[in-house]
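Peer 1: Generate coordinates for the entire structure from the input sequences, incorporating the hints supplied.
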Amino acid sequence: SEAAVNASVALCLLGVGTAGALGAGWDAVRRRRGASHDVCGDPPIAPPTAPSSWASLLMLASYLLLLPGLFCVLFSFNIMLDFGLIKLGVGPGGGVDKVPPLTESMVGLMRLLRDTNCSLGSAAVVFYAVVIPAVKLFLLVFAQLRSETPSAARCIWAVQSISKWACPDMFAYILLLYLVRGLNHPRMLQAIMELDVGFVCFSLFCVCSTVASLGIHSKDEGSSSPCWTPVARWLGLARASQLVAAMAAGFFLSFVSGFVIPVMALRVDLDDMYSPKGPIPAKMMGFETQPVIDQLHIPELAMADVSLSDAVGMLGSWSLRGEADCFIAFMMILVFVATLTIADMAALGAATYCLRCGERPRALEFTRMARTLRKLSMLDVMIAGVVVVTLCMSMYHKDGIFVSMRHGVIALLIAEILHYVTYYLVISLSQLHATNGHAYDDLTELGVGLGQIKLGADGI
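For the record, in the sequence shown the residue sitting at position 34 is 37 according to my numbering, with numbers rising by one throughout.
No lab work stands behind these hints, which were simulated from the structure alone. The reader is advised that the hints may include incorrect statements.
Said to hold, decoys possible - Here are the computed distance ranges between Cβ atoms for each label pair:
id, residue 1, residue 2, range
1, Ala-252, Ser-407, 40 to 48 Å
2, Ala-248, Gly-20, 38 to 46 Å
3, Ala-31, Ser-79, 40 to 48 Å
4, Trp-29, Phe-145, 32 to 40 Å
5, Arg-365, Met-306, 46 to 54 Å
6, Leu-148, Thr-342, 32 to 40 Å
As the structure is a prediction and not an experimental result, all values here were calculated from the model. In this text, a Cβ means the ideal position worked out from N, Cα and C, and glycines have one as well.
Peer 2: Pasting the structure below:
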């Protein structure tokens, strides 16, 4: 029920908030003790590579949410045709006066995908929902056991990089919520969908574990992809700055287009649902069923598209009506998909501008900000989620329910490719300038001096 879901949201938020607050308080105590130890000349209380207490407690709280996220109900939906005295259930197990809701948990979805021979979708769900959280946990334990070795730093970097990839299908379920509710046209066609406790727990696990991973220190945070360093060196700062400006413009154009163009579509094909193949009888009360349904224009109503802008608007409206799960969904799309991705691109642009102006310290600040924002921004995760859930929903084709991708996904994919290229190019530029900046300045001054000598000689 809605009250139970709202209570679970409040309890989960209270739990993770309390864990983070307690950890932050203990960190403050440790800092004060560390300051007193420094004054007295004593050795530090904890090694510099030890994780922050708030990060450790928040990570622990997030993993406590993983089990209910896997085994509790993720979502439930129901679609039916209402003819007053007679109701026709659309979907698995539906029929005349049979309108069972379709309810799935994460583990149940894995079993159903396996049983319906949707092997690709099943493998994707298992990989994202089970393998990645398990790998994260293993890497965290390994890093703490070998905290002073280079491999520990690489493990922490890997955890921070893959942490957000545990939740791609959560974004698609959010869009699916809009699609199913978009089919609701009382009184003839009724469609309801609810996100449940499993969605809340798993979403909070993904977000909180990703944030907590950033509180674990790594000595290897400044590394970049080695293949981009020769590209940055070959382009040089001037041409690279122009390229970054062009890619930023292309990113914003593609992102805005993908934000307003539909990214997913839901269609209920009634043609395959008539007897003998489907649950809808050929006749009801002596009348042919299909002509009556066609005259009521129900097939035209049984379709819905969703864009990110539509989803954000409706999720905000449903949140104001008291649906706490919709508030979680609203924040995931607006903050993690849209705001943080745009902020990351803006930080990369600011870093390039500072490099061009010779302000290396500020450029390094912006690149550090960009590294953090990239680990939190989830546009790439959402795109993967749309692909995965489209594959998973193919198991309902036999029941006349079709979920497909729309052109907005292509626009968003282009925007994210430009985001990735810009990120690696700017990080490589920043590192080259930080390493060789003084040499570049000396060469510039030498060139200016030689030019002045040549002008003086010409004057003579």
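Peer 1: With reference to the structure, classify each hint as holding or not holding.
Peer 2: To see whether the hints hold, each was checked on the structure:
1. Ala-252 with Ser-407: 40 to 48 Å: About 30 Å separates the Cβ atoms of Ala-252 and Ser-407, which means 40 to 48 Å is violated.
2. Ala-248 with Gly-20: 38 to 46 Å: Given about 41 Å between the Cβ atoms, the range holds.
3. Ala-31 with Ser-79: 40 to 48 Å: holds, 44 Å
4. Trp-29 with Phe-145: 32 to 40 Å: violated, 24 Å
5. Arg-365 with Met-306: 46 to 54 Å: Given a distance of about 51 Å, which is inside 46 to 54 Å, the answer is holds.
6. Leu-148 with Thr-342: 32 to 40 Å: Once the Cβ atoms are compared, 37 Å apart, the range 32 to 40 Å for Thr-342 and Leu-148 holds.
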